[in-house]
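Knowing the structure of chain A, use the given hints to seat chains B and C on it.
Single-letter residue listing:
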Amino acid sequence: MGLVESGKLPKSLNKLLSISRKYSIWAYQWGLACCAIEMGAAFASPRYDVMRLGVIPFPASPRQADLVVIAGTVTDKLAPAVVRLYEQMPDPKYVISMGSCANCGGPYWDSYSVTKGVDQLIPVDVYVPGCPPRPEALLEGILLLQERIAHEDMADRWKGEPIVVG
Amino acid sequence: MTATSDREQIAALAARANDNRVNLDFETEGMTLNMGPQHPATHGTLRIVARLDGEQVISAEPVPGYMHRGYEKLVEVRSYPQINTLVNRIDWLGSFANEVPFILAAEKLMGVEAPPRAQWIRTILFEMSRIANISLFLGDYGLQLGAMTAGFYAFRDREHVLNQIEAATGGRFHPNFDRIGGLKDDLPKGWITDSHRAMDKLLAFCDELDDLLVGNEIFQSRTRGIGVIPRDIALSYGLSGANLRASGVDWDLRRDSCPPGLVYDQADWKVWTHPDGDCFGRTWVRLQETREAALIVKQLLDTIPSGPVMAKVPRIIKVPEGEAYVETENPLGAMGYYIISKGDLVPFRVKIRSASFNNISVVPWVARGAYVPDLISILGSLYFILGDIDR
Amino acid sequence: MSQLSSADTTTETPAEEATEVEIDERRQAVLDELTARLGDAVVGSHIRPGDDLWVRVERAAWPEAAQVAKALGYTWFDFLSGIDWLPSPFGRDMDAQVDLQVSGAPVKEPAPLVQGYAGGDTRFQVFARLYSIAAGMGIHFKADLPDDELSIGTWSRTYFGADWHERETAEMFGFHFEGHPHLVKLYLPADFQGFPLRKDFPLLARRVRPWPGIVDVEPMPGGDESEGEGE
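Listed in order, the protein sequences are those of chains A, B and C.
When we follow the working numbering, the leftmost residue of the first sequence carries the number 460, and every step to the right adds one.
When we follow the working numbering, the leftmost residue of the second sequence carries the number 94, and every step to the right adds one.
When we follow the working numbering, the leftmost residue of the third sequence carries the number 49, and every step to the right adds one.
Isolated chain A, as found in the complex:
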């Protein structure tokens, strides 16, 4: 796949690949705090059912995941684990930061042990605000991410600004 990385792929083929990627996102759930439960409601409950969007929520390992949802408070003690998780994922990889804590520290903005924003550790594609965001908000974030993936040139993956749902 050297063609893909160098950006020498024909446009139509690129589009086809992007559409296929859009509807087969393997999402690794990194549930950390309260948001994990809302993420669980979005991913596992019959009411919100994320699979209808083409997201497969149960990869066994980050090594087979395209998307990671950082749902909850990241502490300084946990930070190395988050970075290691991100490094294990194969390219191209996407990150959704879910909830105020992962976005900016949230209610623990002045804490001595909380990392104020997961974007200090890893690049984030979509920010979903809320404390915790409703499952619908997470689904909206996933839809926006899919839009981005569909129109993305795989070569310059990091050109765009992050999306803020809201």
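Just so you know, the hints here were simulated from the structure itself, not pulled from any lab data.
Positions of the beta carbon are idealized from the N, C-alpha and C atoms, including for glycine.
The reader is advised that the hints may include incorrect statements.
Derived list of chain B stretches under chain A, where covered just means 3 residues or more per stretch with a C-beta under 8 angstroms from a C-beta of chain A [claimed, not checked]:
hint, region
1, 166 to 173
2, 293 to 299
3, 406 to 418
Result set (EDC-like, lysine to aspartate or glutamate): computed pairs, CA atoms no more than 20 angstroms apart in a straight line [stated by the list, open to error]:
hint, chain 1, residue 1, chain 2, residue 2
4, A, LYS575, B, ASP279
5, C, LYS233, B, GLU154
6, B, LYS391, B, ASP279
7, A, LYS575, C, ASP239
8, C, LYS247, B, ASP437
9, B, LYS435, C, ASP169
10, C, LYS118, B, ASP279
11, C, LYS233, C, ASP169
12, C, LYS247, B, GLU414
The following block gives chains B and C in isolation, referenced to the frame of chain A:
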């Protein structure tokens, strides 16, 4: 993590364990199994470092702190209404239940009492958060033991309770509804009828799970006789809630020393205990508790008195000097707040006694001699919320 | 009994008073028993009738106090932690006084160090709570720790649950618990510097940037003006 074949080291560990349940007859190599910080069985970010001899656990040491947010420091620079927002996020499955003991402790220091209607609604919402909390446990525990269906059922029926909490408070998860001296608002129209309906669904859910999960033979064989915690050990570790009642201790703070401000004496209900102290007992007690909670809610819904929901308190809350401790029976066990006030806008010191912290500290004791798959049963049945351990 | 009666009764009614006095006697009896068994080690006490009992013991008698309480039926371990009675050298916005003085603010006299119930002589105290399920009562124990020797005996042999509580207290306050089997950091990363729950540990994020929601303590329209601003 290092794997060592040093048999002496294992023997030393076992000697330190001082427990004849560990069998050293097999010439097996010791190894260290590291679970977490991200592991499905820890529902959150708890790390368990287990020393194994073959498939037997010699010692298991939980490493908490991956979710430590420094609550006790943060509350020293926040005013009482702000703390109310913050403490919602300790046990995030039963958020409203976190607010209640804090508010009651502050009310005790201020000498105010909520009006009867507020006390009723408080108790109802308290029990609803208990249902929201424990119903997820029942589903999640099934999930951990390989019964996927229970998880879907729990997520489905939990939504009914969350809808009711949301309808009353405006928050699905973190209501922030309790106030010093009462509640933020009165109930919306039609809420009582809807709640009756939701509780009926929850009672049906309990029956369903009784058949589907707790009555299941495979489930029973994976939980019966596993992770037995005797009464003395449970008391000494400060276990509380269903973990303590499953060890045969008939003690429930709601019944035995209910703090003023909650009206459990107005409903007819029962405290369930189990004599075995094993994983099955803990699950069974929790299932009965969910059912009782739904029954309490149904009874209290019929008897809500009319009147205001807020007592007269000053707009800017300054709590008089003093110390007070209030403990309530939260979904996870006894949760208390020790407030030291110096008469300021902010408390001088708040010690938060959270149930899971004590509940999980028994793991090194109870996991010793268990097998690796049983470790999952034991961890799941002790039922902890990471935010409640780490605060 | 009508449904409202329990909620409507206030402390003025005679029935309530009678029970309060009764419970008060029970707590006094517990205190007497503790004093009899511990002797001079009990250096302070406080009873709030019908509510709680505080007992302050000598530092040397701290482990013994646990054993005595356990023998009296206080078998359920509730919690153990520490208190730093130093008035915070920083305000709510975590601005150090020295920094404020540079920008011309008046020198503020530090507030006196005042201990709470059951008294005390030192800045640091250890406190713990035990509960008797049979009696339905709890006891708060406190003990003074002198600044030059922040160490005290462990409870973890009497109450297994104290193990983790002591580890937490040790890392949060910098206390040492003699005889604790495994006194290492519990919550914080191993290389964490400082003891967060000491009052002189600043929350640096607050010093860098004032709290964005500080308007919350401004006087509300129609509220009591005199209670407006915090420190």
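So which of those numbered hints doesn't the model satisfy?
Of the numbered hints, 2, 3, 4, 10 and 11 do not hold.
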